[in-house]
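So the sequence lines, in the order shown, correspond to chains A and B.
Going by the working numbering, the residue at position 28 of the first sequence is 28; the numbering climbs one at a time, nothing skipped.
Going by the working numbering, the residue at position 25 of the second sequence is 203; the numbering climbs one at a time, nothing skipped.
Because the hints were derived from the structure by calculation, they are not lab data.
There could be a bad hint or two in this list.
Pair ranges (Cβ atoms, derived) [what the hints assert, rightly or not]: (1) B:D228 / A:T142: 39 to 45 Å; (2) A:A104 / B:S259: 45 to 51 Å; (3) B:A225 / A:V64: 20 to 26 Å; (4) A:V90 / B:V236: 47 to 53 Å; (5) B:R189 / A:G26: 46 to 52 Å; (6) A:T142 / B:R274: 32 to 38 Å; (7) B:V212 / A:E117: 30 to 36 Å; (8) B:E331 / A:D147: 44 to 50 Å; (9) A:T113 / B:D332: 20 to 26 Å; (10) A:T93 / B:P206: 47 to 53 Å; (11) B:D228 / A:D99: 50 to 56 Å; (12) B:D332 / A:L156: 42 to 48 Å; (13) B:R274 / A:E63: 27 to 33 Å; (14) B:G263 / A:L156: 20 to 26 Å.
Derived PhoX-like pairs: lysine-lysine, alpha-carbon spacing no greater than 25 Å straight-line [as the list claims (entries may be wrong)]: (15) B:K266 / B:K307; (16) A:K110 / A:K47; (17) B:K307 / A:K30; (18) A:K58 / A:K110; (19) A:K110 / B:K307; (20) B:K266 / B:K218.
Over 10 Å on every C-beta distance to chain B, these chain A residues come out as not near it, computed from the model [what the hints assert, rightly or not]: (21) I8; (22) V21; (23) G26; (24) F37; (25) K47; (26) G51; (27) Q83; (28) E86; (29) A104; (30) T162; (31) Q177; (32) A178.
Quick caveat: nothing in here was measured; it's all calculated off a predicted structure.
Note that beta-carbon positions come from the ideal geometry of N, C-alpha and C, so glycine has one too.
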Amino acid sequence: MSATEQQITSIPTGTWSVDPVHSNVGFAVKHNTVMTFQGSFGEFSGKLADGRLEGTAKVASVEVDDENLAGHLQTPDFFDAEQFPELRFVSSTIERDNDRISIAGELTIKGTTAPVELAGTISGPVTDGYGGERIGIDLQTTINRNDYSVSWNADLPGGGVTLADDVVITANLELVQA
Amino acid sequence: MQILGISGSLRAGSHNSDLLQAAAAAAPDGVDLVLYDGLKEIPPYDADDDIPGDQPLVVQQFKEALDAADAILIATPEYNSSIPGVLKNALDWASRPLVDSPVRNKPVAVLSSSTGMFGGVWAAAETRKVLGALGARTLEDTVAVAKADERLEDGVDAALLAELRAVVDALAAAVAAREATLAA
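One chain only, chain B, in its complex shape:
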């Protein structure tokens, strides 16, 4: 089972990327969590460039990575109480065309972290809202890390690791449930 991890933060020392790395390390046997690292290369969405069958190459590659994954785990920071532009932009590309979106019906969970007191819960909620519009099977399971600069200063602690593992387990269960339904 493959889970594609997407960090909504581009910076090298991103707390959200750290969460995904920790989740990957905590994933159980048989679950392979791979981080997508091309978010910065995805061009701004432009309907003039959105040519059926001929979308920009990096967009095609992003959609192929989404398509190949059984589930998606997003970790997002919160910019101005909302979802980062680069993440929203990537999801907008992934939604085109909507009926063929590789996110459609796919189990997705959203993590968040911020240096503030609320751990990016608004950004996570808005990311879930966008994913719903794309047709994703969006899980309520989540982890929100507040004051991430302090909490993650010495790495991901055992309690947080267990929370991340629970989200990965929930994703794996959702994938199994979906496969069982489709096989029935």
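This is chain A alone, in the form it adopts within the complex:
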């Protein structure tokens, strides 16, 4: 870092709401041991306010390319949408080092809350075409789905299992200042 550059560690102040059209919340898990399968949630919301990031996603809005799979994901085998209709994240600490950001917090899936650490990047603010102030936050973490009792699996004929335990969760968030 040169003498003229200044390290940015501050988190944007004020209230910033997630723009769902230009954001994505998804997951990826190794399938049949060979391929990474991805899905996402169509309905979610979130905000960054007073240095705290929180958000929810509707289990019923899960988007995958097969309706039977989408249906199965709603059931007690997976997310159990009837009893636990939302996923939730609430941050406890946010640390920033220029465009790098680390967020610790608690993730709730299927009624179980466990600590997670998300890492990624932050960019902006920038003024959009309508005069609004926007920032971007890309986050990723890896959880063990068994920690949340999302434990369905099936043996493969030649050994191994259909679904890996580790699931990568991503949140690509564009937030607009309130």
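Dock chain B against the given chain A, drawing on the hints supplied.
For chain B alone, kept in the frame of chain A given last:
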């Protein structure tokens, strides 16, 4: 509270039907366990006959019986280490279409019995697997009766009756928990 009992065995002297009859007799006040007796009439699943809104009448009646029940108690024998074809066939019909299945989110427990040494535990496990795919709230509570021809020769003994009652109680508790969640 109504529980629909389904025996995976069709024969008149079925040990699994005996278990369900005993469970019905042991059910506490307020829990009505009724046995479904139409399994033999359900046709083989054929996607060509699976017409939305116009499934075979006996299938519609089966699904209505499932829908009317608060919980389901299945008792299965084990054929070739697995679930009997007639039971799997009925569950396949009940799964169509999956998002509207009357089994979805419904508490289900699985009993098993066989004349062998293991009491049909593989068939029970595979039945639970199928129920999971249908979206049922499948309980781990179970009773597996080995050497059923000997064990049930003089009827259901007191120890077995208590085990059956415990499964019925678990189903009733799961129904109550589900209703409480939905009411919240």
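Comparing the hints with the structure gives:
The hint said 39 to 45 Å for the Cβ distance between D228 (chain B) and T142 (chain A), and at roughly 40 Å that hint holds. Here the CB-CB span from A104 (chain A) to S259 (chain B) is close to 48 Å, well matched to the stated 45 to 51 Å. At about 22 Å, the beta-carbon gap between A225 (chain B) and V64 (chain A) stays in the expected band of 20 to 26 Å. A C-beta distance of roughly 51 Å is found between V90 (chain A) and V236 (chain B), which places it inside the suggested range of 47 to 53 Å.
In this structure the supplied range 46 to 52 Å holds for R189 (chain B) paired with G26 (chain A), their Cβ-Cβ distance being about 51 Å. At roughly 36 Å, the beta-carbon separation of T142 (chain A) and R274 (chain B) lies within the given 32 to 38 Å, and the hint holds. The hinted range of 30 to 36 Å is not satisfied by V212 (chain B) and E117 (chain A), whose Cβ atoms lie roughly 52 Å apart. The hinted window of 44 to 50 Å between E331 (chain B) and D147 (chain A) holds, with their beta carbons roughly 48 Å apart.
Range check, T113 (chain A) to D332 (chain B): Cβ separation about 52 Å, and the 20 to 26 Å hint is violated. For the pair T93 (chain A) and P206 (chain B), the supplied restraint of 47 to 53 Å holds, since their beta-carbon distance comes to about 51 Å. The hinted range of 50 to 56 Å is satisfied by D228 (chain B) and D99 (chain A), whose Cβ atoms lie roughly 54 Å apart. With their beta carbons about 45 Å apart, D332 (chain B) and L156 (chain A) fall inside the hinted range of 42 to 48 Å.
The hinted window of 27 to 33 Å between R274 (chain B) and E63 (chain A) is violated, with their beta carbons roughly 22 Å apart. Checked against the given bound of 20 to 26 Å, the beta carbons of G263 (chain B) and L156 (chain A), roughly 24 Å apart, stay inside it. Under the criterion of a C-alpha separation no larger than 25 Å, the hint pairing K266 (chain B) with K307 (chain B) is consistent with the structure, at around 11 Å. Note on K110 (chain A) and K47 (chain A): the hinted pairing holds, with a Cα-Cα distance of about 22 Å set against a maximum of 25 Å.
A threshold of 25 Å between alpha carbons decides the hint, and for K307 (chain B) with K30 (chain A) the separation of about 21 Å falls inside it, so the pair holds. A distance of roughly 12 Å separates the Cα atoms of K58 (chain A) and K110 (chain A); the hinted pair therefore holds under the 25 Å criterion. Only pairs whose Cα atoms come within 25 Å are accepted, and K110 (chain A) paired with K307 (chain B) is accepted, the gap being roughly 20 Å. Our distance criterion of 25 Å between C-alpha atoms is met by K266 (chain B) and K218 (chain B), whose separation comes to about 12 Å.
With a least CB separation of 44 Å from chain B, I8 (chain A) remains clear of the 10 Å interface cut-off, as annotated. The claim that V21 (chain A) is not at the interface with chain B holds, since no C-beta of that chain comes within 10 Å of its own (minimum 26 Å). The beta carbon of G26 (chain A) is kept farther than 10 Å from every beta carbon of chain B, the shortest such distance being approximately 22 Å. For F37 (chain A), the condition that its CB be more than 10 Å from all CB atoms of chain B holds, with the nearest at approximately 17 Å.
Consistency note on K47 (chain A): stated as away from chain B, and its beta-carbon is indeed over 10 Å from all of that chain's, at 25 Å minimum. In this structure G51 (chain A) is separated from chain B by more than 10 Å, as the shortest Cβ-Cβ distance comes to about 32 Å. For Q83 (chain A), the requirement that its beta carbon stay farther than 10 Å from each beta carbon of chain B is not met, with the minimum near 5 Å. Against chain B, the non-interface label of E86 (chain A) holds: every CB pair exceeds 10 Å, the least being about 13 Å.
The claim that A104 (chain A) is not at the interface with chain B holds, since no C-beta of that chain comes within 10 Å of its own (minimum 30 Å). Listed as outside the interface, T162 (chain A) is consistent with that label: its C-beta sits roughly 12 Å from the nearest C-beta of chain B, beyond the 10 Å cut-off. Taking the minimum C-beta to C-beta distance to chain B, about 35 Å, the non-interface status of Q177 (chain A) holds against the 10 Å cut. Distance to chain B confirms A178 (chain A) as a non-interface residue, since its nearest Cβ pair spans about 31 Å, more than 10 Å.
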